[in-house]
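*Asks:* Chain by chain, the residues:
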Amino acid sequence: MSIAAGTATTVARRRAWSGAQGLTSPGIVIPIVVIAAATIVAIFGPLLAPYDPDLPDLSQFFVGPAGGHLLGYDGQGRDVLSRLLVGARTSMIGPLAVTVLCMSTGSLLAVAAAWRGGLLDTVLSSGLDILFAFPGILLAVLSAAVFGAGLIAPVLALSVAYTPYVARVLRGAALRERAQQYVAALEVQGASGVAICFRHLLPNMAGLIVAQATTLFGYAMVDLAAISYLGLGVQPPTADWGVMVAENQQGIIQGYPIPSLAAGICIVLVVVAFNILGERLYERSETRR
Amino acid sequence: MLIVSLLVASFVIFAAIYLAPGNPLAALSGGRTIPPDSLRILEQRYHLDQPFFVQYWYWLGNALHGNLGISITLRENVSDLIASRISTTAGLVLYASILIIAFGVALGVVSGLRPGILDNTVLVITAVSASLPAFVAAIVLILVFAVQLQWFPSLGNGVGFFDQVRHLTLPAVALAVSSLAIVARVTRAAIREESRREHVQTAVSRGIPTAQLIRRHVLRNAAIPIATISGITVASLIALAAVVEVVFGLGGLGAYLVKSAQSKDLAVVQGISLLLVTAFVAVNVLVDFLYAVLDPRVTLGSRSQ
Chain A
1 MSIAAGTATT VARRRAWSGA QGLTSPGIVI PIVVIAAATI VAIFGPLLAP
51 YDPDLPDLSQ FFVGPAGGHL LGYDGQGRDV LSRLLVGART SMIGPLAVTV
101 LCMSTGSLLA VAAAWRGGLL DTVLSSGLDI LFAFPGILLA VLSAAVFGAG
151 LIAPVLALSV AYTPYVARVL RGAALRERAQ QYVAALEVQG ASGVAICFRH
201 LLPNMAGLIV AQATTLFGYA MVDLAAISYL GLGVQPPTAD WGVMVAENQQ
251 GIIQGYPIPS LAAGICIVLV VVAFNILGER LYERSETRR
Chain B
1001 MLIVSLLVAS FVIFAAIYLA PGNPLAALSG GRTIPPDSLR ILEQRYHLDQ
1051 PFFVQYWYWL GNALHGNLGI SITLRENVSD LIASRISTTA GLVLYASILI
1101 IAFGVALGVV SGLRPGILDN TVLVITAVSA SLPAFVAAIV LILVFAVQLQ
1151 WFPSLGNGVG FFDQVRHLTL PAVALAVSSL AIVARVTRAA IREESRREHV
1201 QTAVSRGIPT AQLIRRHVLR NAAIPIATIS GITVASLIAL AAVVEVVFGL
1251 GGLGAYLVKS AQSKDLAVVQ GISLLLVTAF VAVNVLVDFL YAVLDPRVTL
1301 GSRSQ
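Listed in order, the protein sequences are those of chains A and B. This note's numbering puts the first sequence at residues 1 to 289. This note's numbering puts the second sequence at residues 1001 to 1305.
FYI, nobody ran anything at the bench for these hints, they're computed from the structure. Virtual Cβ for every residue (Gly too), placed ideally from N, Cα, C. Check the hints yourself; a few may be wrong.
Stated by the list, open to error - Computed footprint of chain B on chain A; a stretch qualifies when at least three of its residues, placed anywhere within it, have a C-beta under 8 Å from a C-beta of chain B:
no.	stretch
1	140-146
2	220-229
Claimed, not checked - If we take Cβ atoms under 8 Å as the criterion, some of the chain A residues that face chain B in the derived model are:
no.	residue
3	L71
4	S104
5	L119
6	L120
7	A133
8	P135
9	I152
10	I253
11	Y256
12	P257
13	V268
14	V271
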C-alpha cells in the first residue's frame, strides 16, 4: 500500500467516526428507521402477511377492520394488511433498480467527462442537456405504450430521464475533486487514470453519491407509483401500493377510504423518509468539503 | 439548442413508435388479410416502403403542418382529438401554476423574513408535502373536500366558466401541492441568503424603511433562484397533469394519453407526446427570457455555455 493510500484510509476512518456522531440526530435516525422497516417488510413481506394477499373473500367487499383483519378488506374482499406487506416488495424494487442504473451510469459518465475533458466532455454534456427535454413520467408512459405495460419499460425510461440530473451534479463534484492536489500527486507517481478515478476520485465523492441516490430513490418511487396507479406499471392482481390506491379508489367515494388511503400513506411515509434523509446527507457532504 | 432538443425529442418519439411491435397496416385492416395489390398501394400512401429516415422526415413535415395522423380506435384526426382536449389541460396547468407562484412565493417570503414558530411550521409542513405524490394528494382532497365536506365535485369537467373553475379547483390543488412546497423552500432559502448580505445590513443600519428594503434589496436579488425553481416546477406540471386528470376523470390531454397508451393507439400517443415535450421546452425557454428581464447582467444565450 502506498503512503497516499495509507493516509487516505486513516482520513476515511476519522471521517467515519466523526460522522457517526452526527448520525444520532433525529433528522437522520427517524428516516433510517422507516427505511429499514420498509426494507425488512419488502424482503420478508410474504412471510409476515397474516393472510393470502390474493385470495378474495367473496362476502366481504370493502369491509372495515374486523376480527383478525386489522385494516379490513379491499374492494375485492382481500385482506388489506396482507396486500400492503406483500406489496412493499414490488413497490420498492422498481425505485431500487432505477437508482442503481441511474447512479452507476450517471457517475461513470460524470467522472469520464470530468477526467478527460475536451471533446468527450462537450459531447456528453450537450447530449445530457438534450435529454433534459424529456420529462420522466412522459418518457415512462411512452415506453409503456410501446413495449407494453409492466415494471421493466418504465424503470428503464425513468433511468434514462433521471441520468442527466445525476450526471450534471456529479460532473461538477468530479471537476472540483479533479483539481485537488492529491490527484496531481497520484498522477506524478504514475498511477493510471482509471485507477485514480476508481480508487480515489469516486470514493471521495461517495458522500454526495449516496445523498443523490437517496433522494433519487424517493423521486423514482413517486413516479413509479404514479405509473402503476395509471395502470401502465405493475399489473393487477399483483399487490403494489400504487395499484392498490387505484383499485380501491371507488371506496373513497363509497365511504371505505382505508384500503386506498393506507396504500397512499405507505408510499408517502417511505418517500418522505428517503427525501429527508437525502437532504440531510447532502448537507453533510457539503459541509465536509 | 432549443431546436436540437426538439428535433431529438421528436426523433425519439418517432423511433419508439416505429420500433413498436406490430404492423401498422394490420391495425388498419383490423385483422383481415389485405390483397397484395392494395397492400402495395397502402404502403405507398403511408410511405411504409421508404427507409426509416425518410419516413421520419414525412412524419415531422406532417406534424409541423398540424397533421398528426389518424387515431386507430376513433378513426378521427389526432390533431382534432388533441384540440378538443387541450383547454382542460392548459387550464389545469395554468390554475396550478398560479397557485404555486402566488402561495409558494408568499409562504417562502413570510417564513424567510420571520424566523420562529411560523417558519419552523412551514419548514416541517413543506418537507412532508414536497414529497407528496400528486395522486395521493388527490385522493385525500377528494375524501375531505368532495366526500366529507362536499364543497367541490370529485369528478368531471363541468359546464360554463365558473363551474369549470370549481371542477378544476381540487385537481389544481393536488397538482400544485408538492411543487408549491418546493418553491416555498427555495424562496425561503433565497430570502435568508439575501438578507444576510452586506449591502442589506448596511441599508438596515442606515435606517431604510423595512418595506422598501425588502422590495428593493432583498426580493429583487432573490428573484433569480425563485424564477428558476418556479420555471422548473411549472414545466414539470405539464407531464404530471396526466396523473391528476386520471384521478379526477378530467377529459384532458394527459388522461387521453394514458388511455391511448393502454389501448396502444400509437398515433395519439405520438401526437400528444410531441405536443407535451414542445410545451415543456417552450416553458423552459420562457424562463430563460425571464432571467434577462429580472437581471440585466444576463444576456440571452449565455446560460447554456
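*Asks:* Return the numbers of the hints above that this structure violates; sort them in rising order.
*Replies:* 3, 4, 5, 6, 9 and 11
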